[in-house]
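Residue numbers (my numbering), protein chains in the order written: chain A, -3 to 279; chain B, -3 to 279; chain C, -3 to 279.
Quick caveat, the hints were computed from the structure, so don't treat them as lab data.
Heads up, some of the hints might be wrong.
Computed cross-link-like contacts, DSS-like style, restricted to lysine-lysine with a CA-CA straight-line distance of at most 25 Å [what the hints assert, rightly or not]:
no.	chain 1	residue 1	chain 2	residue 2
1	B	Lys44	B	Lys31
2	B	Lys93	C	Lys233
3	A	Lys93	B	Lys31
4	C	Lys233	A	Lys233
5	C	Lys233	B	Lys44
6	B	Lys249	A	Lys44
7	A	Lys93	A	Lys31
8	B	Lys31	B	Lys233
9	B	Lys249	B	Lys233
10	A	Lys233	C	Lys44
11	A	Lys31	A	Lys249
12	B	Lys31	B	Lys93
13	C	Lys44	C	Lys93
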Amino acid sequence: MTTYTRFTLTRSSPSLWRVTFDNPPINLIDAMMMKELLTLLTEIERDKRVGVVLFDSADPDFFLAHYDIAGDPAELEGVETAAGRHPFTELHIRLSKSPAVTISAIRGRARGAGSEFALATDIRFASRERAVLGQFEIGVGAAPGGGALNRLSRLVGRARAFEILVSGQDFDGELAERYGYVNRAIPDEQFVDFVDAFARRVSRFDLLALADIKRFVNAATLPADESLGAEIDAFWKSAERPAFPALHRQAFKAGYSQRGPVELNLGDFVGTILADPDSYPTR
Amino acid sequence: MTTYTRFTLTRSSPSLWRVTFDNPPINLIDAMMMKELLTLLTEIERDKRVGVVLFDSADPDFFLAHYDIAGDPAELEGVETAAGRHPFTELHIRLSKSPAVTISAIRGRARGAGSEFALATDIRFASRERAVLGQFEIGVGAAPGGGALNRLSRLVGRARAFEILVSGQDFDGELAERYGYVNRAIPDEQFVDFVDAFARRVSRFDLLALADIKRFVNAATLPADESLGAEIDAFWKSAERPAFPALHRQAFKAGYSQRGPVELNLGDFVGTILADPDSYPTR
Amino acid sequence: MTTYTRFTLTRSSPSLWRVTFDNPPINLIDAMMMKELLTLLTEIERDKRVGVVLFDSADPDFFLAHYDIAGDPAELEGVETAAGRHPFTELHIRLSKSPAVTISAIRGRARGAGSEFALATDIRFASRERAVLGQFEIGVGAAPGGGALNRLSRLVGRARAFEILVSGQDFDGELAERYGYVNRAIPDEQFVDFVDAFARRVSRFDLLALADIKRFVNAATLPADESLGAEIDAFWKSAERPAFPALHRQAFKAGYSQRGPVELNLGDFVGTILADPDSYPTR
């Protein structure tokens, strides 16, 4: 039995696994979480009985805050991936293609790479009152790199994908539902019961038939692996431009990646910082 | 003039045909209905004046219940189709490509193959109070085979397609509209008038321009014929696995395919049966 | 500095341009407007600092009424386009691919080619009370030719695209939002402030990152240039059939292209005219 430090794994039944993110203070996705999620994926792929994997969070304010950009990239060295993919891209591709049905139960914030992890799962339910989704990356000088460009385009359509991506704003549960960013926003007081009943129901169905459904829907809807690879490459390239570190310096100074008002209202916050306050950007 | 036994055909005008399903007790799609629908398609394709075909039901509780799985497969032998296609796949492909605009006016239940017939028409209007749509097949051990995997993926997007397909649940008119499963849910007291006015209006427009619209929207949105063929093949393959007959035996015993509580609440019902109650399924 | 006669161009900042349509009496898209918009596109493409271009209207009843079909086609001769494209198709293709984010702020009517211009921009916000969108072309004997067939298919899905296109009806802001025809319908009293704040916010973000977003979302969502070319070709072919001039004669007689009840309620109006009142159309 593998021991995980960034989340707990509960086998509610042989066919229903619950993964509860628990990486204080705000559920950042760090290198260790990524490695552990890849290990979890291997467990899922090898198991013959898991039909449903439900992802939720121990922190009602943060589902997954975002990527831990302050972490040491060297920590990811040595992680084996197919075709030299970035581990995060690898994780998402394998998650989407796993035979199990994956569900994100989103209470609290799911932004940046946290939103992208949720987008890589099959189904997203959101707490109407507590869920906040967003791709704030434009506010710190980059396009998202973990799949949001490709997946939002297909999921919510061109126009709403543009709005989410170029505004970097927060989307509450209700608007996220209207846009198709999540399947449904459920009133928070019914949220846990609704999601649990849904997951339990699906986990009792025939696993071969569930795998058939995944195979056909995947063939009809998944972006090409290569375009996901191009996305992450573009992200790291933008990180080398001057705006990226300049904006991150200001964000960290204000409280980025810490529990507090900046992370609670990150969508609003990124609208207040400028790479170079004395001049307009040029292309 | 062909005589039909599973539905009535009314030519409200040369350019507006109404097809009213009437196959008691619950509008099952049996071999005879399939053959008659294929004959109807030939009539539509040969006619030079039909612009709109409106499908509705004589039974306010059932638009089309689902496929009559208890029927004798031999009854479909000898039905000529292109490239050895299953007659149901053939029907849907020809329906989508016919120059006439096809509209499903859904009051009552449209599940399984009944939902898939509606998905193969161009436009779906639903009674807000009376319509119930669903793909319950996962509950009887199979992925749908009549186009739902391909068509829902394109129509409602990856995440909501997964939810509909892996839950097997019923979706009422209001939720079906929010998900894009139907165009709109119309209050039942306005439903007939709304649909009739819409169909009449469209049927008076220029037929060549309507055919242009169908051609371009088809090119942009239709799934490939081969992927629809693969879907039905996967369905019949799943029917040979043990879970399929085991679940159907329990369903028939409880009232499946009969008028009564099981068929009225089939989404809930399939959540109560297990292929092998003593063990969890394996893949 | 180019002088424009069909719209005003205001540079609110180096990275935020506002284009206000102003072509009385009802903001028809005539040959001059098309030429000026192509010139504007060249300005946008050459500028290194424009991040957002916001399109709105000086007329609260008309965003862009539709194409000025009564204009002399010779006025467009000599307009240089790639690969012999129609200028309108050229305009839309270049608009979609420009590195700047384009936003339509729709108050009043956007129908036919006016709706198609809005569909070629990246984001559409609509006044809940004042916006009216539609593709009325079917009512005058043609399928739309300026991108609506391809773009609506991708944006709102097969079924709702069919409904919009074959009905030719008007869609108010609220229904346009439910269908995804616009991003959101905003209460009119908040509309200007909302759109301005959105555009200003986006215009201050890193222009290279905005261009990255456009590149990836374009790759995932844009229709092929050739299918847009086929659409306009089909339109002009339909204009040579008898129904097209017959229906336009009746429309012009009733007040088409003039300020008045026909243009205010064009969706309803086109349901009242017939190409040949004495016979049903044939295909």
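Right, here's what the structure says about each hint:
Note on Lys44(B) and Lys31(B): the hinted pairing holds, with a Cα-Cα distance of about 22 Å set against a maximum of 25 Å. Our distance criterion of 25 Å between C-alpha atoms is met by Lys93(B) and Lys233(C), whose separation comes to about 21 Å. In summary, the hint linking Lys93(A) to Lys31(B) is not supported, as the alpha carbons are separated by about 38 Å, beyond the 25 Å threshold. Annotation: proposed proximity of Lys233(C) to Lys233(A) is violated, straight-line Cα distance about 48 Å (limit 25 Å).
Taking the CA atoms of Lys233(C) and Lys44(B), the gap is about 20 Å. The hint holds against a cut of 25 Å. With a C-alpha separation of about 30 Å, the suggested pair Lys249(B) and Lys44(A) falls outside the 25 Å cut-off, and the hint is violated. Of the pairs offered as hints, the one joining Lys93(A) and Lys31(A) holds, with about 18 Å between alpha carbons and a cut-off of 25 Å not exceeded. For the suggested pair Lys31(B) and Lys233(B), the alpha carbons sit about 23 Å apart, so the restraint of at most 25 Å is met.
Distance hint between Lys249(B) and Lys233(B) is fulfilled; the C-alpha atoms sit about 24 Å from each other, no more than 25 Å. Simply put, Lys233(A) and Lys44(C) have alpha-carbon atoms about 20 Å apart, close enough for the 25 Å limit, and the pair holds. For the hint linking Lys31(A) to Lys249(A), the alpha-carbon distance of about 28 Å lies beyond 25 Å, and the restraint is violated. Of the supplied pair hints, the one linking Lys31(B) and Lys93(B) holds, its CA atoms being roughly 18 Å apart against a limit of 25 Å.
For the hint linking Lys44(C) to Lys93(C), the alpha-carbon distance of about 15 Å falls within 25 Å, and the restraint holds.
Taken one by one, the earlier hints fail for this structure at numbers 3, 4, 6, 11, listed in ascending order.
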